[in-house]
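Colleague: One line per chain: the protein sequences are X and G, in this order.
The numbers in full-length UniProt numbering rise by one with no breaks, and the one at position 338 of the first sequence is 338.
The numbers in full-length UniProt numbering rise by one with no breaks, and the one at position 587 of the second sequence is 587.
No lab work stands behind these hints: they were computed from the structure.
All C-beta atoms in this analysis are idealised placements derived from N, C-alpha and C, irrespective of residue type, glycine included.
Any given hint could be a false lead.
[Claimed, not checked] Reference listing, derived: stretches of chain G covered by chain X, where coverage requires no fewer than 3 residues with Cβ under 8 Å from a Cβ of chain X: (1) 155–167; (2) 195–209; (3) 439–449; (4) 530–540; (5) 667–676.
Number of protein chains: 2
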Amino acid sequence: MAHIPYHDTSGSLPVREIIMPALTQVQLMERSRNQATFDSNKLTEVIFGGQVYSKDAVDRQKEAFARVEKALNTDLSKLPARYGNMNREQMMDEGMRTGSIAVNDGLDHKHSFFDQSNLQWSLANSNPFSLTGLLFTPLLRLQCSAEQLAYWLPLAESGRIIGSFAQTELGHGTFVGGLQTTATFDKETGEFVIHTPSISATKYWPGALGFAATHAIVVARMIIAGTDHGVHSFVMQIRSLEDFKPLPGIELGDIGLKMSYNDTDNGYAVFKHVRIPRKHLLMRYTTVTRDGSYSSDPLSEKLLYGGLLNGRTVIIRNCAFQLAQALTIATRYSVVRQQGEKKDHGLHQPEIMSYKLQHHRLLTLVSMAYANIFASKTISASYQQMLEQQASGRNDSLPYMHMIIAGLKAWSTQTASDGAEDARKMCGGHGYLMMSGLPEIVASCTATCTFEGENVVMWKQVSRYLMKGMAAPSLPHDMVYMASYSGPVVFPYQGDDFLRPEVLVEIFEHRSARLTHEAYEALCNEQGSRASAENTHAVALHIAARACIDLFVLQSFISSIAVTLPSTLHAVLTRLLLLYALTTISSPLSLSSATFALSSPQIASMRAQTNTVLEELLPDAIALTDAWNFTDASLSSALGCRDGDVYRRIMEWTRQLPINVHAAENGGVLKGPWEASVKPFLREGVVRSRGMSRL
Amino acid sequence: MAHIPYHDTSGSLPVREIIMPALTQVQLMERSRNQATFDSNKLTEVIFGGQVYSKDAVDRQKEAFARVEKALNTDLSKLPARYGNMNREQMMDEGMRTGSIAVNDGLDHKHSFFDQSNLQWSLANSNPFSLTGLLFTPLLRLQCSAEQLAYWLPLAESGRIIGSFAQTELGHGTFVGGLQTTATFDKETGEFVIHTPSISATKYWPGALGFAATHAIVVARMIIAGTDHGVHSFVMQIRSLEDFKPLPGIELGDIGLKMSYNDTDNGYAVFKHVRIPRKHLLMRYTTVTRDGSYSSDPLSEKLLYGGLLNGRTVIIRNCAFQLAQALTIATRYSVVRQQGEKKDHGLHQPEIMSYKLQHHRLLTLVSMAYANIFASKTISASYQQMLEQQASGRNDSLPYMHMIIAGLKAWSTQTASDGAEDARKMCGGHGYLMMSGLPEIVASCTATCTFEGENVVMWKQVSRYLMKGMAAPSLPHDMVYMASYSGPVVFPYQGDDFLRPEVLVEIFEHRSARLTHEAYEALCNEQGSRASAENTHAVALHIAARACIDLFVLQSFISSIAVTLPSTLHAVLTRLLLLYALTTISSPLSLSSATFALSSPQIASMRAQTNTVLEELLPDAIALTDAWNFTDASLSSALGCRDGDVYRRIMEWTRQLPINVHAAENGGVLKGPWEASVKPFLREGVVRSRGMSRL
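Just chain X, same shape as in the assembly (with noise of 0.2 Å):
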C-alpha cells in the first residue's frame, strides 16, 4: 500500500529490504493541508477582497475561471499543450486562441478578472488582444479630446478595433526624450507624414504590433516648419480590417521567441512616409492647427504621467502572484517530495519541508508574496485618490506616488524574479522542466524587472526623489519621519521587543532616515556636478531608496492587517508581518550598510525569533499557498497540483508528449535522428548485439 505500484507488480520479487515512503504523495499532501491553524478559504477572501471580506470577489473571479478553463478544455490528466511540440507559430496560434476566449470572456462580463492578467497570471498583455484594454484604451482616455474620445472609445470598448502601443524603438528604451521616429506636418495637405528614418529608430517590442493589432498609438517626434516639437501621440490604424494587411508603408512582423511572452505578437513597424490626418495627433493637451501653429497644455506632462503610473501598479500587482504562484507549486512539492535521511524518521525519507534551510527559505518568500500583495492593495488605492485629486485639479501628491510606485515597482519585480527562480531551485532537478510550470512563470515574471526601464532607472527615481526632499526648505509630508533623525542611536530592545510591529517601524525609520541622511551628505560633500556626485555615490544612494521602500511595505503589511479579522487569521498574518519584518531588517543587504548597526546580540536575538516564528508558521504552510487560490489548471504545473500525486502526473504527462507518442508509434525509435544522425554515427554498426553479451 505504501508504495504506488506499476500495473504489472505480480512478479514475486522482495521488496521487504526496499525503504517506503510510510505515506504515499497525495495522503503526504492531505496531512500537510489537515496541519492549518486557519481557514484558507478566510483568507482568500481577505487577499481578493477589499481589506474586509468580500466572498461575492473571490466568487467573480472562480467564475471567470471557472467559464474560460471550460471554453478551453482543460483537463488535469492531459499534458498542457504549451510543454508538447510547438513551434513559433503554433504558439502564436494558440495565444490567439486562448486570448481571444478570455478577453471575449471580459466583454461579455462586465468585470473581468483577465483584464489585467492572463489565465496563467501573466501580465495581460501577454495575450494579443489585451493590450487594447490594458494601455491603448487607457491612453485614449487621457490624451484624445473629447471629440476624438467620443470616437475611438466604442471602437476599443467593443473590441471593433485592436491596439497597440508602439512607443519604444529598436536603439531607445527607457529615455523616450530619445525616440526618433517623425511626425512630420505637411502644410500643404494638413496631414502628419510618420517616418522611420534609421534602423535603430525601428518600433521593436510593442505587444501586438506584429500580427494582431489593427491600430497602434504611435509615439514620434513632431515637426513643424523644421522645428522640433519633442515626442507625442498619433493614433494609426495599420492594417487593413477587410484582409488585414499592413496599410502601404507599413512594414510589420514578430520579434521572435522570448524567454516568455510567446503567446503574443511583440513586433516590429517600419514606417516609410505613412500620412495620416492631422487630427490623429492625440490633442487633448496639444494643438496643431491647420496652417501649422502648435500649442501644448503646460499642465499636461503631470496628468500624463500620472495616467501613465497605472501600468506601474498593474505591474505590482501581476508580481505578487507570479511569486506566489512559483511558490505555491514548490511548496507543494516540497512536502511531499522524500529525500535523504534524518535519523529520527527512521526508516523513511523525510519530506524536504522539513529542512530548515528549505523551509526557511520557501516561507520567507512566502512572507514576502503576502507582503507584495499587501503593498499592492495600499498602493492601488492611493492611486485612485490620487486621480480623483487629480481630476479635480490638484496635483501635488504626484511626486510622491511617483516615487513610490516606481520603489514598489523595483522592488517586487525583483522579490518576485529573484523569488521565483529560488523556488525553481528548492524544486531541485525537476524545477527545470518545463511541465513543472516553473521556468515559464520564473520568464514571465523576470520580464517585469526590464519592463518600463531596468530596476536602477526606477531606485534611481526613488533616492532623486529623497535627495530633493532633504535639499528643500521642509521635509515632505511623508518623510518627516526622517526630521527627529539625529544621528546613530543604540536601540535598547532585545528578545521578544522584536516582536513587537511598532518596534520593528522604529527600526525601519531610524534605518530609513540614517541612510538617506549619510547619502545627501555625501552627495553635498562631493565636488563637480550633481550628475557625476549621483554616480560617485550610486551605492549609497541605491541602499537609502531600498530602506525607504522596505519600510513602505512594512508600514502598509502592518496597516493592512489592523482591521476586523477572525483571530485565527491575525495571528497568522502577523506571523508572517513578522517574518517579513525580521528576516529584511536581518537581512545581508540590511546590515551591510555600515551606518546600520544593531549589535551581535541583537541579531542573534532576531535570528532566535525568527526560528520561533518559522517553527509556528510551518503547519500552515500548505493553507497558506492554497489562500491564493490558483486553480490547476492556470498553475499548468505536473509539480505543484492540489492534490500532490507528483510522480504518477509527470509519467502520466511525460508519456504524452508528442515526442514519445511518435517514438512509440514506430517501435520506440525516433526514425528521423536514428537513420539521418544515430546510424551514421555509430560507424556500420561494427558492434551486434548477440556480441554484446559474449562477455
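Using the hints, position chain G against chain X.
Modeller: The following block gives chain G in isolation, referenced to the frame of chain X:
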C-alpha cells in the same frame, strides 16, 4: 553619415533637429577596442594555456571551432536555426545533427575541445553523443574489472556504442542511498533481473537515455537471496544496434522540454524484469560469484568517489566560461548602446557603459569570471595530483578535495548563473530576446546549480568538513591558518593598504577563521542531536562555508598571476584581482556577518579604492572580454557580435524569422490565426477602414 539609413531615405524631410549618435555602433566598438592597455591575444594564451603561455593550445582550440563551424556552415548574416521555428522534435533532430559533427571531430582529432563543452560552451552533456566520453567511459574505467574494461572501453572510445548513466530516479535525486530500482540475482540462471518497482523508481533525467543511447550504466539496489546489498552499477544494452528499438522489457522516452539542454534527450526508462548476465555488474571492487556470494572491497568507495569528482571540476570550468560568454555579450552591447542624456555629452546620448551602476556591475562580474577561471585551473591541477596519489594508494587528500570541489561547484555555479542573469538584465529588453543569446546561456548555466545536488547540499559538505576539522585533535593542514585565531581583531589598515594582496588575504583568512570558530561554538553549545543543531545554525554554517571558498578563490587568483607575465597583462590582472577581493569583502553577504567588522572608514576607503580600480579597468572592458576568444557563432548573439553592428543584425535576423517570412508570402498576414481568431474577434468587422478617417 552618423545614422544608418534605410535604403530609401530619399525623402527630403528635415533631420537636423533629431539627436543622432556621433558615431555608428561599429565605430563605437572600434573605439572601445582600441582603448585597451594590453594585447588581448596574449591574455587568451594565459587563459587557455597553462599558467605560462601556450599559443599552441589556443591555436588547437581555434582550429577545432573553425572545423566544426565550417561543417555546420555557420554564417553571421543568417538567423541561427534555433531562433526560428523549431518544435521539440526538430530541436532533437538538430541536436543529433550538430552533436554528431562535434563528437566526430573529437574522434577524428586526438585532442578535441568538445569533450567538455559543446559548440555554445554548454556542458558537453547537452550533446546526446557526448555523455559517452564525459561520464560513461570514465565510469567504466573506474568500476570495470580488467577483463570488462578490455571489452567495453574500445567500444565506447571508438563511438561504436553510445552511453548513458542511469542513476537519478523520478523520486530520488541527490540521496543515492534512496534509489529503488532493483537488481535481483536469480541463482537459477545466474542473471541479474533489473526492475522498476514503482512509479517513483522510474529512471528519469539521464542524458541521452531517451533516444540516443545504446547502452547505460544503471545504478540499482543489488538483492541476493532477500538481502539488500545497497546500490551498485551494472552495464546494460538498452537498444538494439540493428534497428535501434528498445530491448524487450525496456520502455524509453524523452522527458520533454526543459529550460535549456533541448538539443539532447534527457530521458526516462522503465525496466520490467529485464535479465542481464551476472558479469554486467561492474566488478572492479564488487564481486558476485555464480552461486551468489557477494564480496566488496571496503576501499572502493573512496576511489570511486575520487573518480566521480571529475564531473564537478568540469562543471566549475564550464560555468566560468558561460558567465564569460554572457559578459562578452553584455559588455559589447553596453559600449554601443546609447541611452539617456548626460550634460557633458552634449547632444549625443552616452553609451550606457559610462554609467557607474552599469560598469560597476559589469566589471565586477568580469573580475569574478576571471577569478572563476583561475580557481578552475587550480582545482583541476590539484585534482590530477590527487588521482595520481590515489593510484599509488594514498587517499588522504580526498576529504579536502571533496570539500573544496563541492564548495567551488556551489560558488561557481551560483556566481555564474546569477551573474549571467544580471548581465542579461543589463541589456534591458533586448536581453529578453532569444536571439540575444542570453536566455539560453542563463538557462543552461542555471541548470548547474541543481546538478549533482542543489547548492545548499554542496555548502553543507563544506561546513561539515570545517566542523569536523575543528573537532579533530589538531586542525587539518588546510585549516592551520585558523589556529592563530583568538577572537575578533581590529585591522590597522587604511587607504592603499587595501590594494596589497597580502592584506586582503589576511582579512579573508581572519573572516573565514572567525566565522568557522563561531559556528563551531554555536554547534557545541546546542543541546540535542547534531542534525538538529546543524539545522538550527544552518545560516551560520552556510556563511562560514562561503567564507572558506572565497578565500580559496582569492588565493588561487593570486598564485595564478604570480608567474612571469608581460607587465601590461600583470597590471590588468592585478586590477581584476583587487576588484574581486574588494567587492567580495565589502559585499552585503560579507559585511552582514555581525562577527566580521571592518570600521566604517575602512569600508569607505575600500569603496573608494574600488572606484579607482574601476576607472582604471574601464578602457580594458572590451579587451578583457575579447580575450575569452568566443567566436561569433559560439555566442549566437545578435547583441554580442564582435563588430558591434547590433541594430543592423537584429533587423536582419528578425526579417528572416520563419513567422515573418511566411506572413510576407501572404501579404503580411498570418493566415491561420487571422481566419480562426482575429476575424471572429473583430465581430463581423463592423468598422471599415474608410470609416476611420471620417473623424
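Colleague: Hint by hint, say whether it matches the structure.
Modeller: Results of checking the hints against the structure:
no.	hint	verdict
1	155–167	holds (count 6)
2	195–209	holds (count 9)
3	439–449	holds (count 5)
4	530–540	holds (count 5)
5	667–676	holds (count 8)
Against the hints set out earlier in the document, no violation occurs for any number.
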